Structures are given as structure tokens and as C-alpha cells.
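Chemist: Residues per chain, in single letters:
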Amino acid sequence: MDTQKPDHPGMNRRGLLKCMAWAGTGLVWTVSGGVPRGIALGEAFAASAADGFTFVQISDSHIGFNKEANPDTNATLQAAIDRIGKLPKPPAMVLHTGDVTHLSKPEEFDTAAQLLKGVKQDIHYVPGEHDVIGDDGKQFFERFAPKLKTGGWYSFDQGGVHFVGMVNVLTFETAKAGGFGAEQLEWLEKDLKGLTASTPVVVFTHVPMWPIYPQWGWATEDAPQALSYLKRFGSVTVLNGHIHQVVQKVEGNVTYQTAFSTAFPQPKAGEGPAPGPMKVPPDQLRSVLGIREIDIVPLKTAAVTDVTLA
Amino acid sequence: MRSFVARRALAAAAGVLLALGAAGAFAEQQATQQQPAAQQPAPQQVAATNEAEISIQSFQFVPAILTVKAGTAVTWINRDEEPHNVVSPDRVFRSKAIDGGEKFTTVFDKPGTYNYICAVHPHMRGKIVVE
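Heads up: the sequence lines are chains A and B, in that order.
In terms of the working numbering, the first sequence opens at residue 1 and continues consecutively.
In terms of the working numbering, the second sequence opens at residue 1 and continues consecutively.
None of these hints come from the bench; they were simulated from the model.
This one's a predicted model, so the numbers in the text were calculated from it and none came from an experiment.
Possibly wrong hints are sitting among the right ones.
Calculated pairs, BS3-like style, for lysine-lysine (alpha carbon to alpha carbon, straight line, at most 27 Å) [what the hints assert, rightly or not]:
hint	chain 1	residue 1	chain 2	residue 2
1	A	K105	A	K149
2	B	K69	B	K96
3	A	K249	A	K268
4	A	K190	A	K231
5	A	K120	A	K147
6	A	K149	A	K138
7	A	K138	B	K96
8	B	K96	B	K110
9	A	K67	A	K105
10	A	K89	A	K67
11	A	K147	B	K96
12	A	K67	B	K96
13	A	K86	A	K120
14	B	K110	B	K69
15	A	K105	B	K69
16	A	K231	A	K249
17	A	K86	A	K117
18	B	K69	B	K103
19	A	K138	B	K103
20	A	K147	A	K190
21	A	K105	B	K96
22	A	K89	A	K149
23	A	K149	B	K96
24	B	K110	A	K67
Pulled out of the complex, with its shape left as it was, chain A reads as follows (with noise of 0.2 Å):
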């Protein structure tokens, strides 16, 4: 992002500050009674239920990436995992929404599934578009999700919680944002046929749900039909990554929450010419990145917490 230099005479430290107040990177969700909530890195947990269901969302590593605005994206992918480790209420598992690497490149890959092995919990993954640049995914799901069919998408039960993991960066070829294809979409309606309305569900992807900012595919052409099954549940959370900063929005029964980077911040939505890496001064970096915390609680909304890695 050239627009947002440092020294740009709109990026003063108010700019930043308000900037940061938008960024987000790893979150911590903690789901009570089905409404998940958020934590930033830097700052103190909020208290959790003591017999909720605690687990952690990461996104957007972008392991590979080297430039300016973050040179050493292993280290803050690294500070992300130290700070999953050191949760005061250790998570039952880990999602990874996408962007795991920059270019798909297969020692990008190799670099990223060593640190976390660094990770004790099991982690699910779901694609960024820059995990399935020029193979279709092909290396990503061979790494990271080796027993999925064709497709990638999944879903399982934990904790009372219906888990679902839907690719929406498969079809930028004939779509001008993210999407899903009719082929998930049937799978997702059939998926979600035997479970009571009451049972909370998580669903995790890596672009929005919502369309944040379309004329730079912060977007997901068919999420309206995907939000046809799932508004009959009492408890929807949508949990994404892609644009590198804590955006939440709630409609109806359905909360939607994008998460920090671990790799480096965006700009907001239409802010600047196009999307891409913002620089910020590096020792407010970890600010702007972190992890989210997602507390499921029984009969309470579920509480997300964002924690930046600062």
C-alpha cells in the first residue's frame, strides 16, 4: 500500500490510532451459549465463563510475504502461536481462515505447516486465495487437509457447536469476489437439515460473508443463499479473514466477525486505490495484528475477544 505510509500526511498518529482501532489479527472467540466474541493480542482477557467452550481463530500469515510492511512474517505468525499457548483458559482447537502463505509456494508451505506444529491443538483450515494461486488449491489441500474430498469443504460437531468450513476462493475465475458454486451450496443445505435450530453454529471461510467492499472482492457473490439455510439457527457466527482488520456486523441471528492478520495490516474499506499490505511504523506493528478468542458459553451469547500480538 503506497497511500499509507508512515509519512503520508494523512497517517498521523490519530489516522493510525484509528486505523488500529479497525485492525485485528489472530482472534480468540470465546462461544457462550452460542455467541462467540473476540480478543485482540495486547490486551487483557475479558473473563470467560469457567465451563464454556473456548477456541481460537487465526488468519492471513501470509508466510512468504517479506516487503516492507512486515519482513519477517514467520516471527509474527510465531507470536501468534506463543500467545495461543499462553491462553489463561487453554482453546479446544484452532481455526485457520486462509492466506496461510503468500504465493503457494510449496516452501512457503513447508515453512508454514513447521510452525504450527507449534500449535498442541488440532487446527482446521479453510483457503485464502493466496493458498490456491495457479493449482486450484492442490498443495494446500494435500498439506493441511489431506483427507477432505474434492472441494475442500467440511464440517464437524464440537462442543455443542456445529462447525461448518465452506472455500470461497475457488471461483475468482468467473466471479468477481468470493464464492461458493452450487455443488457447496447443495452440500450445506443438506448439512445443516438434521440439526435443531437451536444448536449454535460457527461457519468459517476466508473472504466475508458480507459485502464489505465489492469493488475489491470483499465480497461473496452467492453468501445470500448460503445465509437462506442458516437463518433459521438461533446462533450464527461467521468467522473470516481476508482483509486484515476486525470488522463485525450483526443481522438478524447471524454475527459476522473478520479477523486481524498475523502478517500485516490493510487498509479500510476504499481507503487508498487498492487493497494491499499498509505500513505502519515496526515497533506498532504487533498493534495491528492478533489473534481472536471465542468463548461459547451455554444459553449466553457467544463472546469474541480480539487480541492484537502487541
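Please arrange chain B on chain A, whose structure you already have, making use of the hints.
Modeler: Frame of chain A; chain B shown alone:
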């Protein structure tokens, strides 16, 4: 020789006009990008040699529409820091990631119109017209 060149240029220009006519939707998409008019790339360019170049800059293909003769080697040069790639929806050509400062070259042997996008940033669209 001179008239040959002129004739060829005329033919190429006609081809571009046709391409633009067929690309109404494309032009609309470009218009939604909220770019100042001064920064819009020239919408067309006629390449007369066997090599042609497309610059990728500020998340745009410049020129967005390129007309070449069959057999031309087209090179994309990424001048952004952000990686891009180029892929035609029907997979006639597809690059790996093109990082900032890197290039990708492919040769267009068969006449036709080839739409393509950057699969990393699908709002980025371009077109090659091969005569």
C-alpha cells in the same frame, strides 16, 4: 512496405473497436473502481511487433485491452508490491503467482479474444485480442 504497415494498423484498429463494443460489461466494471479519471489506463494499445508487454500496476492491467498479431509473446510485468497472477476462465493460459517485480510470458498463437483476470484480485480484468 509503408502501405502494408498502414493497412495492418487499420485492421488492428478495427479489431480493437469490435473488442470494445463486445466489452460493454467490462467497461462498466472498470468504472466501478472509483479511480480518478486521470489514473485510468489507456483502454487500448496496438502491438505491431512479436513481443508485447502489459504492466500490472495499482491493481490494474495496463493496457486493459491489448491487440496483437498471432504468434506474439505477451509479457506481464508486476509493478505492484502485491502478488498477482493471470488466468483465463477457460484455462487457455494460467500463471503461477507473479510477485512484485516478477514477470510472466506466454505466446498467443491462435486468433481470438482472450479474457483474463487476476485470480488473487478478481476485480482486475483484462483482454487480449489476437488477430
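Chemist: Each of the hints needs a verdict: does it hold here or not?
Modeler: Evaluated hints:
A C-alpha spacing of about 22 Å is found between K105 of chain A and K149 of chain A, which places the hinted pair at or below 27 Å, so the restraint holds. Taken as a hint, the K69 of chain B and K96 of chain B pair is honoured in the structure, with Cα atoms around 25 Å apart against an allowance of 27 Å. Between K249 of chain A and K268 of chain A, the direct Cα distance comes to roughly 15 Å. Compliance with the 27 Å bound is thereby established for this hinted pair. This hinted pair checks out: K190 of chain A and K231 of chain A have alpha carbons roughly 15 Å apart, not beyond 27 Å.
Of the pairs offered as hints, the one joining K120 of chain A and K147 of chain A holds, with about 20 Å between alpha carbons and a cut-off of 27 Å not exceeded. About 12 Å separates the Cα atoms of K149 of chain A and K138 of chain A, which keeps this hinted pair within 27 Å; it holds. A C-alpha spacing of about 13 Å is found between K138 of chain A and K96 of chain B, which places the hinted pair at or below 27 Å, so the restraint holds. A distance of roughly 22 Å separates the Cα atoms of K96 of chain B and K110 of chain B; the hinted pair therefore holds under the 27 Å criterion.
About 16 Å separates the Cα atoms of K67 of chain A and K105 of chain A, which keeps this hinted pair within 27 Å; it holds. Of the pairs offered as hints, the one joining K89 of chain A and K67 of chain A is violated, with about 35 Å between alpha carbons and a cut-off of 27 Å exceeded. With a CA separation close to 25 Å, the supplied pair K147 of chain A and K96 of chain B stays within the 27 Å bound. The straight-line distance between the Cα atoms of K67 of chain A and K96 of chain B is roughly 19 Å, inside the 27 Å bound, and the hint therefore holds.
Only pairs whose Cα atoms come within 27 Å are accepted, and K86 of chain A paired with K120 of chain A is accepted, the gap being roughly 11 Å. Using a Cα cut-off of 27 Å, the hinted pair K110 of chain B and K69 of chain B holds, with the two alpha carbons roughly 9 Å apart. A threshold of 27 Å between alpha carbons decides the hint, and for K105 of chain A with K69 of chain B the separation of about 33 Å lies outside it, so the pair is violated. The suggested pairing of K231 of chain A with K249 of chain A holds, with an alpha-carbon distance near 15 Å, which does not exceed 27 Å.
Pair hint K86 of chain A plus K117 of chain A holds up; C-alpha atoms about 16 Å apart against a cutoff of 27 Å. Annotation: proposed proximity of K69 of chain B to K103 of chain B holds, straight-line Cα distance about 21 Å (limit 27 Å). Annotation: proposed proximity of K138 of chain A to K103 of chain B holds, straight-line Cα distance about 23 Å (limit 27 Å). Note on K147 of chain A and K190 of chain A: the hinted pairing holds, with a Cα-Cα distance of about 20 Å set against a maximum of 27 Å.
Taken as a hint, the K105 of chain A and K96 of chain B pair is honoured in the structure, with Cα atoms around 9 Å apart against an allowance of 27 Å. Restraint check for K89 of chain A and K149 of chain A: the C-alpha separation of about 33 Å exceeds 27 Å, so the hint is violated. The suggested pairing of K149 of chain A with K96 of chain B holds, with an alpha-carbon distance near 24 Å, which does not exceed 27 Å. Our distance criterion of 27 Å between C-alpha atoms is broken by K110 of chain B and K67 of chain A, whose separation comes to about 39 Å.
Violated hints, in rising order: 10, 15, 22 and 24; the structure is consistent with all others.
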